[in-house]
Amino acid sequence: MTHDTIVIGAGLAGLTAGLRLADEGQRVLVIAEGIGSTHLAPATIDVLGFYDGEVESPAEAFPRFADAHPAHPYARLSAELIAASIEWFKARFPVFGYRGGLDKNFLLPTALGTAKPSSVVPETMAQGDLSAGGRFVFVGLGLKDFYPAYLAENLGHVALAGSTVSARAAELAPPLGAEADVGSLGFARRFEQRAFREAVVRELASRVEPDERVGFPSVLGVRNVGEVWRELEARLERPVFEVATLPPSVTGIRLFEAMTAALRQAGGRIAIGSPVVGAETGNGRVEGVVAQAAARPTPYRARSFVLASGGVAAGGIHVDSYGKIREAVFDLALAGLPAANGRPPFLPTYLEEQPLDRVGVPVDDRLRPVGADGRPRYENLYAAGATLAGAVPWQEASGNGLSLATGYAAAAAILERAS
Amino acid sequence: MASLETEVLVIGGGSTGAGVVRDAAMRGLKTVLVERRDLADGTTGRYHGLLHSGGRYAVKDQEAARECVVENAILRRIASDCIEDTGGLFVCTPWDDAAFGDDFVEGCRATGVPVEEIAAAEARRREPRLHPEISRAFTVPDAALDPWKLVWSCARSAQEHGAQILLYHRVVELERNGQRVSGAVVHNELTGEEVQIHADVVVNAAGAWAPEIAQLAGCRVAVVPGKGIMIAMNHRLVHTVLNRCKLPADGDILVPIRTVCIIGTTDMRVVHPDELEVTQPEVDQMLDEGEKLVPGFRESRALRVWIGARPLFSPEEVAETREVSRSHALLDHRERDGVEGFVTITGGKTTTFRLMAEATVDAVCAQLGVERPCRTHEEPMPGSEGGHFYELGSRLRALEPVPESEQIICECELITRRRLEDAMARRRTANLDDLRRTLRLGMGPCQGGFCIYRATGILHAVEQLDHRAANAALLSFLQERWKGVHPILYGDQLRQARLDDWIFQGLLGVQHLPA
Amino acid sequence: MTELVRDSLDHCVKCTICETFCPYSQVTPLFPGPKYVGPQAERYRGSGASADASVDYCSGCGICTQVCPQGVKIAEINSQARAQLWEERGIPLRNQLIARPSVLGRLGTPIAPLANWALRNRPLRALADRLLGIHRDAPLPRFAGRTFQRWARGRPSSAAERSVVYFHACGTNYYEPGLGEMVVRVLEHNGFQVVVPPQDCCGLPLQSNGNFKAARAYVRRLVANLAPYARDGLPIVANSTSCGLMLKREAHEILGVEDEDLRAVSEATYDLCEFLLLLHERGELRTDFQPLPLTVPYHAPCQQRGHGIGKPALDLLTLIQDLQVIDLDVDCCGIAGTYGLKKEKYEISMAVGERLFTALRESGNDLAACDSETCRWQIEHGAGVHAVHPVELLHRAYGLGAAAAG
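So the protein sequences, as listed, match chains A, B and C.
Counting along the first sequence from 1, when you hit position 19 you're at 19 in the working numbering, and nothing is skipped either side.
When you read off a place in the second sequence, starting at 1, and then add 419, the result is the number in the working numbering.
When you read off a place in the third sequence, starting at 1, and then add 934, the result is the number in the working numbering.
Treat each hint with caution, since some may be false.
Taking lysine-lysine and the DSS-like style, the derived pairs with C-alpha atoms no more than 30 angstroms apart in a straight line are [claimed, not checked]:
hint	chain 1	residue 1	chain 2	residue 2
1	C	K1147	C	K1277
2	A	K324	B	K479
3	B	K711	B	K902
4	A	K324	B	K711
5	B	K479	B	K665
6	B	K479	B	K449
Using C-beta positions, here's what the derived DEER-type ranges look like [unchecked claim]:
hint	chain 1	residue 1	chain 2	residue 2	range
7	B	I537	A	R223	58 to 64 angstroms
8	B	V489	C	Q1030	50 to 56 angstroms
9	B	A538	C	R1165	32 to 38 angstroms
10	C	L1061	A	R223	49 to 55 angstroms
11	B	Q898	A	G53	20 to 26 angstroms
12	C	P1132	B	A540	34 to 40 angstroms
13	A	G342	B	Q898	22 to 28 angstroms
14	C	T1252	B	E823	44 to 50 angstroms
15	B	A888	A	S206	31 to 37 angstroms
16	C	T1252	A	P210	58 to 64 angstroms
17	C	E1314	B	E823	52 to 58 angstroms
18	A	R223	C	E1201	48 to 54 angstroms
Keep in mind that the hints were calculated from the coordinates and are not lab data.
We put the CB at the ideal spot given by N, CA and C, even for glycine.
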């Protein structure tokens, strides 16, 4: 079976590329070793949160940023394209009620009580915006991944320009039944039950104060997106928002379900559990990829390929005990490599940029991986997401923004070439 | 300044110091122990946990071997809860001279180390990851000894017999009264207060730091710190202690201890036991040596690396520290330096800590002019009364099935919230690394990626910490952990570290906490 | 034990993704979850006695291994731990019985009407529930009263240019010989001579019940029969996706069988839909299908997904005009081979399958497609919808007959 495009990797970048192409009528296969970034990171689209301090407006910061970081993937993309990827995403998944854009970042509380700029935010999280200050109460449910008193205390000391935040905590003891060790997803499923919601509202309603916004850990249901949130807002008569918590990311799971359902509906195929281990190439083209299956490696052919295999965390970029660094599928040339031979010389202080942070696959303006000469290695191979070189998304707060924009851009480049 | 009166002041909370304070307390002496940081934070907490059968010394250092034989048997009786009876194997790899096996057996027989040769195939059947081409194998009663449990049991035993243990109390001065050492001034690192302790006898059990302490009394102790690195591998590649059958050298031991196995160690003479760094050549050396015992070692996941500084005592300066005897040295400064009321115990190894302590307290009694018999070899320590060895599966079994009322906070190391809160209440500490040492919090594969945020939140609540103190605890833990992982970041552990970066920096924003 | 599997625990970065997908830990606190019981607990398993019994509540569905982004062989670690546990405890009679479908098949076939009656007799089932621990409501199959082997042996072999070996497995042989006949006819229709060697159980139920020794014996005997054909370059097709996976991968990975025979057979084994789709990709599949104006929901069994070949049934069935196939994409039916037959696990099994049953009922169709026989029986039991192997639809569309399996 020959597909039009094969996408390697089922994180946000891979799913974005796959869905864009399937929507345009291509026969798409998304093939991945396992589930990716969606389940680990919150489903906010962080385009650019930190550059020289907090970024208030990505649109305003981009030109400076791109100039200062010519090797960053954002430097390969036009502001129009990044904006288009966001508009597409918001329109494609109206059920999430995503808000925001490149003009002004939201400022969201983290589970630790620090403030994080996020550009595009689902409606269930948007009311957590700290930019205009206000009064917040954070609700504890006995979830071991959420400590509202600690969060609130830190948050109360966050420096905001021109507004103040006051935050406190309210600990509830919702009926968990026989189990104390309920995780985020367990809570999310419980919130889908009427009786549980009733109990929470009953206990909380008398304890919220006027003009307070109510913050929950991100556990407000997983199916029927938004329903639990809307009901809580109605019953509590106050703005309600979710705060992103440790993996598994419930907001991300919702997004994954929506994106894969959309991909299937558009005729795309998804194969999870088939790691791509090699490729068949020739004449400057990728002819196919080879995936590990039971008993035999299985070849898949396509006209175009998108490598969205994730970076170091996902094993898309592998480092062995000798310090040899390799892109795991095509053995592509890498950029951002540390100068030394042997294992990368990590710096002794944790919170600084480390030698491996920006390593990845360098690409041209069409998101095609390039060699040392700056020319694409294969004319029909594209790359997107954390596989790309030049970014430190966990410090820049740019992870999902990069995945969305580069996944979208790779699909756009493929569509352009196909027409 | 606050002050304390005691008969015996013990400086140093490693195995030696803990052994001394227990022995002294059991002999009815009023005793105080001071330790500048946490118990077992020095050499004791940084070794590979081998309870020696004596086989390692059977050829080269027969006195040490005999001591090990005796103490191994004693510790199995009194500290059974701290010991996992893994057994040990000495194996001849293709890099070893098979003929040495005969010398080895002869040495064991001469020193009383129980030894038996088994077929190489049998050794490989017991340990499937063992190098396929080992030529000979010998069993010995090596075992795995948990150093923190050991030291904490000793300390608790000492407390039960009336001793006082003061942690985070650093000695800044030794008080002299003419030619006598009459006590010490210690600095409480947590509160900033100073305490004056008057003692009849001061025992310098500061291990690799003994020279610094002795210096405070104007005495010179020639201890050579022998730096050694050790690497913990993520899971037990073997369940038996593996030794290379050859003269002792670097990286020739692989010890399965609790959920990890540890390869060690190197040996480099350094000037001072603090401020040590792991170097890349040392790491490569350990990985290569591991590969000889267990093929595929380099593809296995390295979890954490650390440095221990062995206190090696020698009256002469020596360049190659491996030549220095591992037997202990008890220095009575009355004889050596004309200073009364001051003894130093140094050298040795954790396996013989009790023996060292016995010799020390004998000398203390002599100085005090009393005769009290030692009973430390008779009485089991707290937790070991039943005589049951530690079993690897015990934490798993205890949560089987997971009790409904429990939350598991550190999932890698199976630590429940209740256990964590109990430890917090006992230790009254705002330092997550203290809890790490006590419970192994954050010592599993994720190295705190998931549990440390949780533990900080719990600490904030239980200890009613101000947010700054909680933040400081979190950041301090992250930095400590980074020290232990960055020299071995590759493969799976690098993936984990990157995921943890996403969690701590991306999700939680620790780098944006107010400084 | 296969160290390859245990050592894969090193890849675990505790991301919890496996736990979000495990259908079993969601419905019962008795199973703490794949991460807990797999790579996490494995670090606590040594040469001593098993410390945990909760691993027995792992069904072996394998979804965890499929979704793990780091390549931890979670379900396989669990299988090995379970075997260790049962080796220490001693395997109860019930598990020994239900793990030997070919023995039961040989016993039940000559007395099929009586056996079938007994298996559906409420008082007898209540007795089996109490004495043996087989849940009184668990979906047990019907003996066909004849075997597929017999039909195959009694058939003249059609001369053809190419041959293919058919590994029909116990389910087809004793319970659904009609399905086996359809498989043969579809293959013959496409120009193959179908060779049916003597064959017995592949040992999968023994493996999943922790009896590795007996499982190895069975699989070695099976591959000894099949290997000569594999070495002659013949493909081996299997219509039972779980038994096919046993030959392709699990016998080596979980049981640690290192036989040359197994290696040859593994490389030559294809799932039936996989094989037919490959023929199609080479332009060798006959597509003379009549239209089938049906809407059929398709459930890909967990162990079909474990093959790592995508869902070839979907692509095959799109070749049939007017046939609408709905990919249900719901995780697990709950039966997990013999898991859902057990008294202490039946309720869990039904709770796991509830999503699938609901989706099927709500789809309003009276026919579903699924590649695994035990899953089909569970679907009929839980959703009340008749389920067929996808090849039956091909058989019908080829005009070879509409006979139902059995």
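Next on the checklist: Of all the hints numbered above, which does this structure not satisfy? Sort the numbers upward.
Outcome noted: Numbers 2, 6, 10, 17, 18, in rising order.
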